[in-house]
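Protein chains in written order, with this note's numbering: chain H, 599 to 944; chain U, 599 to 944; chain Z, 599 to 944; chain W, 599 to 944.
There could be a bad hint or two in this list.
If several chains are the same, the list does not tell them apart, and a pair holds so long as it fits within one copy or across any two.
Derived DSSO-like pairs (lysine-lysine); straight-line CA-CA distance at most 27 Å [what the hints assert, rightly or not]:
{"#": "1", "residue 1": "706", "residue 2": "863"}
{"#": "2", "residue 1": "863", "residue 2": "717"}
{"#": "3", "residue 1": "762", "residue 2": "601"}
{"#": "4", "residue 1": "738", "residue 2": "896"}
{"#": "5", "residue 1": "717", "residue 2": "762"}
{"#": "6", "residue 1": "601", "residue 2": "863"}
{"#": "7", "residue 1": "787", "residue 2": "896"}
{"#": "8", "residue 1": "938", "residue 2": "703"}
{"#": "9", "residue 1": "739", "residue 2": "896"}
{"#": "10", "residue 1": "938", "residue 2": "706"}
{"#": "11", "residue 1": "601", "residue 2": "938"}
{"#": "12", "residue 1": "899", "residue 2": "762"}
{"#": "13", "residue 1": "762", "residue 2": "787"}
{"#": "14", "residue 1": "739", "residue 2": "938"}
{"#": "15", "residue 1": "738", "residue 2": "601"}
{"#": "16", "residue 1": "787", "residue 2": "938"}
{"#": "17", "residue 1": "706", "residue 2": "717"}
{"#": "18", "residue 1": "938", "residue 2": "849"}
{"#": "19", "residue 1": "787", "residue 2": "710"}
{"#": "20", "residue 1": "849", "residue 2": "863"}
{"#": "21", "residue 1": "717", "residue 2": "899"}
{"#": "22", "residue 1": "762", "residue 2": "863"}
{"#": "23", "residue 1": "896", "residue 2": "710"}
{"#": "24", "residue 1": "703", "residue 2": "849"}
{"#": "25", "residue 1": "899", "residue 2": "706"}
Keep in mind that the hints were calculated from the coordinates and are not lab data.
Values in this document were obtained by computation on a predicted structure and should not be read as measured data.
Number of protein chains: 4
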Amino acid sequence: MIKAGIIGSTGYAGAELAGLLLGHPEARVVWYGSRSYVGEAYSSIYRNMFRMVDAACLDDNMEELASQADVIFTATPQGLCASLVSDRILGQTKIVDLSADFRIKDVKIYEKWYGLQHKSPQYIAEAVYGLCEVNREDIKKARLVANPGCYTTCSILTLYPLVKEGLVDVSSIIIDAKSGTSGAGRGAKVPNLFCEVNESIKAYGVASHRHTPEIEEQLGYACGEQVVLNFTPHLVPMNRGILATAYASLKGDVSYDQVRAAYEKYYGGEYFIRLLPEEVYPETRWVEGSNFVDINFKIDKRTGRIIAMGALDNLVKGAAGQAVQNMNLMFGLPEDTGLKRVPVFP
Amino acid sequence: MIKAGIIGSTGYAGAELAGLLLGHPEARVVWYGSRSYVGEAYSSIYRNMFRMVDAACLDDNMEELASQADVIFTATPQGLCASLVSDRILGQTKIVDLSADFRIKDVKIYEKWYGLQHKSPQYIAEAVYGLCEVNREDIKKARLVANPGCYTTCSILTLYPLVKEGLVDVSSIIIDAKSGTSGAGRGAKVPNLFCEVNESIKAYGVASHRHTPEIEEQLGYACGEQVVLNFTPHLVPMNRGILATAYASLKGDVSYDQVRAAYEKYYGGEYFIRLLPEEVYPETRWVEGSNFVDINFKIDKRTGRIIAMGALDNLVKGAAGQAVQNMNLMFGLPEDTGLKRVPVFP
Amino acid sequence: MIKAGIIGSTGYAGAELAGLLLGHPEARVVWYGSRSYVGEAYSSIYRNMFRMVDAACLDDNMEELASQADVIFTATPQGLCASLVSDRILGQTKIVDLSADFRIKDVKIYEKWYGLQHKSPQYIAEAVYGLCEVNREDIKKARLVANPGCYTTCSILTLYPLVKEGLVDVSSIIIDAKSGTSGAGRGAKVPNLFCEVNESIKAYGVASHRHTPEIEEQLGYACGEQVVLNFTPHLVPMNRGILATAYASLKGDVSYDQVRAAYEKYYGGEYFIRLLPEEVYPETRWVEGSNFVDINFKIDKRTGRIIAMGALDNLVKGAAGQAVQNMNLMFGLPEDTGLKRVPVFP
Amino acid sequence: MIKAGIIGSTGYAGAELAGLLLGHPEARVVWYGSRSYVGEAYSSIYRNMFRMVDAACLDDNMEELASQADVIFTATPQGLCASLVSDRILGQTKIVDLSADFRIKDVKIYEKWYGLQHKSPQYIAEAVYGLCEVNREDIKKARLVANPGCYTTCSILTLYPLVKEGLVDVSSIIIDAKSGTSGAGRGAKVPNLFCEVNESIKAYGVASHRHTPEIEEQLGYACGEQVVLNFTPHLVPMNRGILATAYASLKGDVSYDQVRAAYEKYYGGEYFIRLLPEEVYPETRWVEGSNFVDINFKIDKRTGRIIAMGALDNLVKGAAGQAVQNMNLMFGLPEDTGLKRVPVFP
């Protein structure tokens, strides 16, 4: 039985992780960390887990936690994991970091986009980017996994085969993404109040959202050249779900079958990636509560562009689910252990 | 492995049942019945189950189905189950009927409130009312279970200890209930369009809703006298969830501790019923996607009334989850098999 | 042209007032008060009024404001208006107070339910309770009007004819009310975040909500005896709207026509109260954005009770619209001036 | 007083038109046409207008209507207006057609994208495309106005100055649009049920939506060359509102000030177009219920692209409001008559 600790367990991603681990047959949570709620019953913060979790919240003493846990999940604001990690901790336990601290290999890019000084750049090189379907073998051997962002997981998986196979002009990529509101976190802010979000849609972080360099870096690895693209996130009045609508110019006259074959090549054997039938496009309602990513594309002959779309649950495949998937890989378990939930609809 | 058939598998309750049985370790679905979609891939109707269910929809030939299945769930409009059931079928298989056909013992009351002639009143007597926490022992021996309605499950469980223990004047009971829109079904009707339901709340079936006599009958059994009460359902702009707010006059000066003890007496050992801490009241968000019923109460000394509240997921404990709970009981399985899902929040 | 000042103009009710006064042909706002946003452009807080309002927010200097305005609206937390009002101010200007400070005639009841010491009880007696349809003549002569609460406006108007005409046993009254989330205000609190409110319904303030004594007092005036009742508010995932579902025992065998006649007697000539056709019940979607209250009732012969229902927009008839209606009366204008907006649907 | 007839008055756009005309000081509706509800009280279909409209629904006898009305609005499915219009009718009355019948000058393109044979192509040439801010002078003289589509109004106005001034490479234009559900109409279809739309987002009509050629044609007029672009609409779980996020490559190193100047040049004097302050982007909540279009842009130096965004209410500026604006122009009234509603928020 894997003993897991969660730092930041009272955010939405942390709570999703707690819920997933409750149903995981090979893991149990030994530490519900939450700086804001130390000493309070976890189930008084998340009443959905009333009578399922008896523990009270603990602080974020990572040294102590490392001595008790086989794996630590850090579902915390940027900078915290980097400031706490040490050789001693990494010698005792594995870490899956749900923040952005170890996702970007070039520390200057991290520091520029996040406006932070990185506190432990020495671990960036060894950290494995935890996009399971792409980096599976490296993850199995990792002791520090950088769990990808929600938008980035969706965006990269949607575009990966196209970029990897050289089917599109990477300088033409535009990603227009839409997210449910849980992505904004549980902080008490006026713009996230019900009446402010409900009955509205808006773009935010236009040409400046922090997930941009993460997507660019990973797609750059796929094609072997630098990628610079547009990424525009939008806030949608729903709790969960991300839909990425990506546009790119095809290199020449590529057929539906060629593109389909590219997607099948990379995803044909993947359990959590569902390539939809032709002319059926992803909708977030069909993945809600699950670790699935639904993907499809449409070629527009008129413009020579491909429109590729992906949908996932931002709290599951976009955060906690993928973190568990990474844990499974790191501990040699079947990758889908504890993750076979049927999407909840309606 | 229990072989299960679902008639009416493409309604919302039927689909929830399909999803629950997919995750059930001791059962599998052998028949996805759906008169409207015969021959179509089930997962083309419910794309959340894409790649999880390969079957196509079948008709509602119950004779044939009975020869293949150990248990049949009928998630169909009123009257259908009563018109199809027969000695032969009941000799071959068990039935959990999610419609109202066998819930009400007095066929005249059924026919009056539902405006239908009952096609097989001879089975009413043997049918067991499948409210697991109340009729557990009878359910274990039943071959025909009448699965309770969503509003009725919530209303009865909220009031049962009060009525059973004689703490309230049953002639004073008023139940004001609120339901998510999945309770209205998947039929294409203008009043259930997004724009009609969203940003609105309304009462409906005022003093005439069909769940009224069902609640009255069951509470009548609890107290041993006839119960006549007010029940008013309301439509809420959300997908799932029922909240029942029930009012009743206390018989004399009853204390918080006395009432709490009554609830503990009946529910203290129940897994699926969660009595909340004092001053914490049920909210549907905390039970969504689970088989839990959250219950609590408040005594108002000023008026001498008690306000008892219960919340559940109308598609789970209010329909498919309770149906599976009944199946578990009928087949001698642990009652919570396949039903320990953590509520989904947010 | 009436010069109006708003203290608390950046709350939801204050902003609705600002919007209504923008469209009012006989009034204009000369003071957008907002302690939190002094100096900021009003339209940077409420961008719906971008280019419609040029003013910046001012403080809550009521002395200064009184010298500039013909009427002051205080859309502020409880206690503020009472702490600022003075003979000098009331000698210069009229006040419509949207807080609860002057609604309750018995200062002890106010202080008990609100947990505040009243700072200017000497003005309670002269303050007129601004329920226009009931106290119209007194309002015309008032210099200080206590604008009713949102739940109370809906509850009182729904029950008034029944209580006034002695058709119901007032000791049997139970009001189960449901409100959109704008009623909770614009404060940054976790329970009001989108993800916490969406997809959920809950009761709150059970047997303790502050609108209870206000309803009791006003219904007490109507029937001439003390009224003690149950009032339970619920939070609904929608922006606007209140639905009150009220239950009471009829005194004897009262017919539909008798009750209808009672409602017609009091509301037959009222523009803003719409008695719906028989068997058509109020829905908040039909009044959204307007100053209407839609009302109807159903007699349940089985229980001897009447179920009376009312719906209004909590920000309009429940707050800002009624405030303008009061202003119109106080200044001798036609009561519906600036208030004839068609309800917005969908 | 302008006498107006509405054919298709019981769809969402028709009802918005009815509501706007109720508040219009110079017009009144003399004919509420609705094939589906002939003889039924209009206010029994749209209860928001209860007691505001007494009329019953009439059929779509356009000949008869033309003899009674000064202007006819056709808010009907594609093809109907084209099949009814005649010289005789156009000799008696003006027409504002809210369908697509007269929007596209090349009848072959219309017939291809709409899959219909055009029944009166002889009127296409004289029909004026009713985008008021662009074609104002022609509209004033028109007897037949083709009221633009909701997505097209938003998309064209968002991009017009960029295209007109030659600031962008028109072959690079991609429009990713998001719409509330009222755009899907009031037909009873499963995909538009509350539970299907709520908590989900999806693209639809990918590379095939009918508004595409309309946008292309109008932008083509602006720049004097053929425009072929990508347009992808998405369905958002909200009642009203469209947000268009448009991407295009800038021609060379264009500055913020140059682009701003271009927008000011065309929209600086427009009442209904609000150019937002730098770094403030359109959100549909700020225009709901009004005839405003909020527009802004961001230059991304990294990619050399501009992201231009526009938001409007699809039922107002995207349909009924613009129709009234057209009527005002056609009858020599101030363009904003009856259209100065403050956006409803929250």
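Okay, the hints, checked on the actual structure:
For the homomeric pair residue 706 and residue 863, neither the shortest alpha-carbon distance inside one copy (35 Å) nor that between copies (41 Å) is at most 27 Å. For the homomeric pair residue 863 and residue 717, neither the shortest alpha-carbon distance inside one copy (39 Å) nor that between copies (50 Å) is at most 27 Å. Taking CA atoms no more than 27 Å apart as the test, residue 762 paired with residue 601 passes in neither setting, with 37 Å inside one copy and 45 Å between copies. With identical chains, the CA atoms of residue 738 and residue 896 are never at most 27 Å apart, being 34 Å at best within one copy and 42 Å at best between copies.
Proximity of residue 717 and residue 762 under a CA criterion of 27 Å is satisfied in neither setting, with 33 Å inside one chain copy and 50 Å between copies. For the homomeric pair residue 601 and residue 863, neither the shortest alpha-carbon distance inside one copy (36 Å) nor that between copies (36 Å) is at most 27 Å. In this assembly of identical chains, the alpha carbons of residue 787 and residue 896 lie at most 27 Å apart only when taken from different copies (25 Å versus 38 Å within one copy). Within a single copy, residue 938 and residue 703 get their C-alpha atoms no closer than 32 Å, and across copies no closer than 41 Å, so neither meets the 27 Å cut-off.
For the homomeric pair residue 739 and residue 896, neither the shortest alpha-carbon distance inside one copy (37 Å) nor that between copies (43 Å) is at most 27 Å. For the homomeric pair residue 938 and residue 706, neither the shortest alpha-carbon distance inside one copy (39 Å) nor that between copies (46 Å) is at most 27 Å. In the homo-oligomer, the alpha carbons of residue 601 and residue 938 lie at most 27 Å apart both inside one protomer (21 Å) and across protomers (21 Å), since each shortest distance falls under that limit. In this homomeric assembly, residue 899 and residue 762 come within 27 Å of each other (Cα to Cα) both inside a single copy, at 22 Å, and across copies, at 26 Å.
In the homo-oligomer, the alpha carbons of residue 762 and residue 787 never lie at most 27 Å apart, since the shortest distance is 40 Å inside one protomer and 40 Å across protomers. Taking the closest pair of Cα atoms, residue 739 and residue 938 come within 27 Å of each other only inside a single copy of the chain (24 Å); across copies the shortest separation is 33 Å, beyond that limit. Taking the closest pair of Cα atoms, residue 738 and residue 601 come within 27 Å of each other only inside a single copy of the chain (18 Å); across copies the shortest separation is 38 Å, beyond that limit. Taking the shortest alpha-carbon separations for residue 787 and residue 938, neither the intra-copy value of 34 Å nor the inter-copy value of 32 Å comes in at or below 27 Å.
Taking CA atoms no more than 27 Å apart as the test, residue 706 paired with residue 717 passes inside one copy only; the shortest distance there is 12 Å, against 59 Å between copies. Taking the closest pair of Cα atoms, residue 938 and residue 849 never come within 27 Å of each other, the shortest separation being 37 Å inside a single copy and 50 Å across copies. Within a single copy, residue 787 and residue 710 get their C-alpha atoms as close as 25 Å, which meets the 27 Å cut-off; across copies the closest is 31 Å, which misses it. In this assembly of identical chains, residue 849 and residue 863 lie within 27 Å of each other by CA distance solely inside one copy; the values are 19 Å within and 38 Å between copies.
In this assembly of identical chains, residue 717 and residue 899 lie within 27 Å of each other by CA distance neither inside one copy nor across copies; the values are 49 Å within and 30 Å between. Taking CA atoms no more than 27 Å apart as the test, residue 762 paired with residue 863 passes inside one copy only; the shortest distance there is 11 Å, against 45 Å between copies. With identical chains, the CA atoms of residue 896 and residue 710 are at most 27 Å apart between copies only, with a shortest distance of 20 Å across copies and 35 Å within one. Proximity of residue 703 and residue 849 under a CA criterion of 27 Å is satisfied in neither setting, with 29 Å inside one chain copy and 33 Å between copies.
Taking CA atoms no more than 27 Å apart as the test, residue 899 paired with residue 706 passes between copies only; the shortest distance there is 19 Å, against 40 Å inside one copy.
Going down the numbered hints, you'll see the structure goes against 1, 2, 3, 4, 5, 6, 8, 9, 10, 13, 16, 18, 21, 24, while the others check out.
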